[in-house]
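Colleague: One letter stands for each residue in the lines below.
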Amino acid sequence: MTERRRLLVVDDEAEIVELLRLTFEDFDVETAMDADSAIDRLRARPVDAIITDIRMPGRSGLSLIDEAASVCPGASVIVITGHHQMLESDTRVARWITKPFSIAGIRQAVTEVLSGS
Amino acid sequence: MSRDKLCFDRARFESVVNAIENMAVGELWKEIPLSTDRDELDALAHGVNVLSSELRYRLSELQSAQASLIQSGKLAALGEVSSGLAHELNNPLAIVSGYVQLVRAWMASGNATTEELAQNAALLGKAERNLERMAAIIRHILEFARESKPEKVPTLLAEVVEKSLILINEQMRLKNIDVALSLQPGLMAEVNPSKLEQVFINLLSNARDAIIEAHGDAGGRINVRSQALSRSEVEVQVCDNGAGMDEDTSNRIFQPFFSTKDAGKGMGLGLSITHGIVLEHGGTITCVSEPGKGATFSIRLPRWIPPDVEPA
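First to last, the protein sequences are chains A and B.
76 is the number of the first residue of the first sequence in this note's numbering; add one for each residue after it.
107 is the number of the first residue of the second sequence in this note's numbering; add one for each residue after it.
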């Protein structure tokens with residue numbers, strides 16, 4: 076049996092975190108509600124992909140992405156944002172997804188990113 | 107000119123002087139009656155009547171300009187909080203839309219177990235709660251943006267403070283600003299709720315900016331307190347631990363177009379509009395501050411006590 080892919084979901088809204096956990100029930104999902112605890116999770120165990128919000132109290136998602144690049148260099152990054160601030164030129168981010176998002180869409184994005192397409 | 111005639115003139119003269127004195131204290135609508143003589147005194151009275159009618163006209167223009175200034179200040183306040191609001195609406199929208207999609211996917215799979223049906227019902231319940239959360243925010247934006255009727259109604263002050271936070275809470279949260287409320291329950295004043303809410307949004311925005319100036323993203327604390335000062339007066343204070351200001355600044359802070367912010371970041375109208383609204387409610391607003399020690403804005407308003415209730 077192949078090992079399940081590991082995801083880290085980061086959002087300051089508990090119900091968004093819960094929604095994504097349910098969306099990726101067939102994945103091994105870690106969750107965090109701010110950038111600092113997300114980095115702690117990454118240090119404890121690396122993941123295949125990080126799904127993160129940008130605007131959060133404390134450090135922003137962008138600062139998390141900066142640090143994750145050295146803590147967990149292999150992880151792909153998918154950003155979910157409430158703002159239509161598409162920073163397509165940011166090469167650290169594999170996909171930008173705006174809220175509200177479609178469940179099928181975000182699953183497809185994660186699958187594509189993990190398969191490298 | 108006979109002496110009798112002079113006496114008669116003096117009585118008329120005094121009535122003209124009285125009328126002018128009344129105008130000076132704001133009774134612009136009383137015209138000075140003219141005599142049939144059409145003499146110099148009538149010419150003077152006529153001139154004063156023309157002036158007072160001109161003043162009446164200018165006053166009504168000024169009042170309508172003030173009303174539109176307040177309305178545009180309100181819309182500016184709304185504009186300022188709108189990015190926080192978009193975020194605040196988008197989160198519940200994403201939750202609702204996500205849960206509905208999950209439930210539909212599970213239902214489409216056909217053979218749902220009792221346990222799965224219960225889980226679906228729970229998810230729909232969450233979706234419903236988030237719809238209500240969005241509806242409340244939207245209702246409130248509409249209420250606030252609407253040009254309010256000039257009426258003043260007996261209003262619970264705590265309710266106005268709490269409503270003003272609906273529009274600005276998200277910004278506070280994102281900037282790590284803790285807003286602590288300590289509001290004496292049941293305190294009322296006869297106010298225009300939407301205008302008073304604008305007062306609190308302006309003061310809270312101001313406090314937020316002062317905290318960001320002093321501490322950046324590290325955040326800070328705002329205390330909002332209300333208390334009865336007497337049977338006839340209430341006080342609401344908005345206190346921050348932000349950058350504070352020197353005496354010269356705090357003396358000028360309610361002047362129109364006075365701003366300590368960089369060009370392009372605010373017109374310097376927020377606090378002067380705030381001042382105008384408080385005065386219009388028969389109240390006062392003062393500011394106590396020192397550089398590096400935060401600021402406290404205190405608003406005092408005439409208290410409204412419901413008939414047949416003994417005040418606390």
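The hints are simulated quantities; they were obtained by calculation from the structure and are not laboratory data.
A few of these clues could be false.
Derived EDC-like pairs (lysine to aspartate or glutamate); straight-line CA-CA distance at most 16 Å [stated by the list, open to error]:
| # | chain 1 | residue 1 | chain 2 | residue 2 |
| --- | --- | --- | --- | --- |
| 1 | B | 281 | A | 115 |
| 2 | B | 232 | A | 88 |
| 3 | B | 255 | B | 296 |
| 4 | B | 281 | B | 221 |
| 5 | B | 258 | B | 386 |
| 6 | B | 281 | A | 87 |
| 7 | B | 232 | A | 109 |
| 8 | B | 258 | B | 296 |
| 9 | B | 136 | B | 160 |
| 10 | B | 255 | A | 90 |
| 11 | B | 255 | B | 386 |
FRET-style restraints, in silico, Cβ to Cβ [unchecked claim]:
| # | chain 1 | residue 1 | chain 2 | residue 2 | range |
| --- | --- | --- | --- | --- | --- |
| 12 | B | 227 | A | 177 | 19 to 27 Å |
| 13 | B | 237 | A | 121 | 53 to 61 Å |
| 14 | A | 144 | B | 172 | 49 to 57 Å |
| 15 | B | 175 | A | 189 | 38 to 46 Å |
Selected chain B positions facing chain A (Cβ under 10 Å, derived; list incomplete) [stated by the list, open to error]:
| # | residue |
| --- | --- |
| 16 | 136 |
| 17 | 139 |
| 18 | 192 |
| 19 | 200 |
| 20 | 208 |
| 21 | 319 |
| 22 | 323 |
| 23 | 325 |
| 24 | 388 |
Every residue gets a Cβ at the ideal spot worked out from N, C-alpha and C, and that includes glycine.
Colleague: CA of residue 281 of chain B to CA of residue 115 of chain A, is that 16 Å or under?
Modeller: Measuring from Cα to Cα gives roughly 22 Å; hence the hint is violated.
Colleague: Straight-line Cα separation of residue 255 of chain B and residue 296 of chain B no greater than 16 Å?
Modeller: Judged against 16 Å, a Cα distance of about 14 Å means the pair holds.
Colleague: Per the CB criterion, is residue 192 of chain B less than 10 Å away from chain A?
Modeller: holds, 6 Å
Colleague: Is the shortest C-beta separation between residue 323 of chain B and chain A less than 10 Å?
Modeller: holds, 7 Å
Colleague: With chain A as the partner, please determine if residue 136 of chain B meets the hint condition of a C-beta pair closer than 10 Å.
Modeller: violated, 59 Å
Colleague: Going by Cβ atoms only, is residue 139 of chain B closer than 10 Å to chain A?
Modeller: violated, 67 Å
Colleague: Holds or violated: is the Cβ of residue 325 of chain B closer than 10 Å to a Cβ in chain A?
Modeller: holds, 8 Å
Colleague: Just to be careful: measuring from the Cβ of residue 200 of chain B to every Cβ in chain A, is the smallest value less than 10 Å?
Modeller: With Cβ-Cβ at 4 Å, under 10 Å, it holds.
Colleague: Starting from residue 232 of chain B, check that the Cα of residue 88 of chain A is at most 16 Å away, please.
Modeller: It holds: about 13 Å lies between the C-alpha atoms, which stays within 16 Å.
Colleague: Does residue 386 of chain B lie within 16 Å of residue 255 of chain B when you go C-alpha to C-alpha?
Modeller: Roughly 14 Å between the alpha carbons, so the hint for residue 255 of chain B and residue 386 of chain B holds.
Colleague: Taking the beta carbons of residue 237 of chain B and residue 121 of chain A, is their distance inside 53 to 61 Å?
Modeller: Roughly 38 Å apart at Cβ, these two residues miss the hinted range, so it is violated.
Colleague: Just to be careful, I want the Cα atoms of residue 136 of chain B and residue 160 of chain B compared with a cutoff of 16 Å; is the pair within it?
Modeller: The given pair, whose Cα atoms are some 13 Å apart, holds under the 16 Å limit.
Of the numbered hints given earlier, the model fails hints 1, 4, 7, 10, 13, 15, 16, 17, 21, 24; all others are met.
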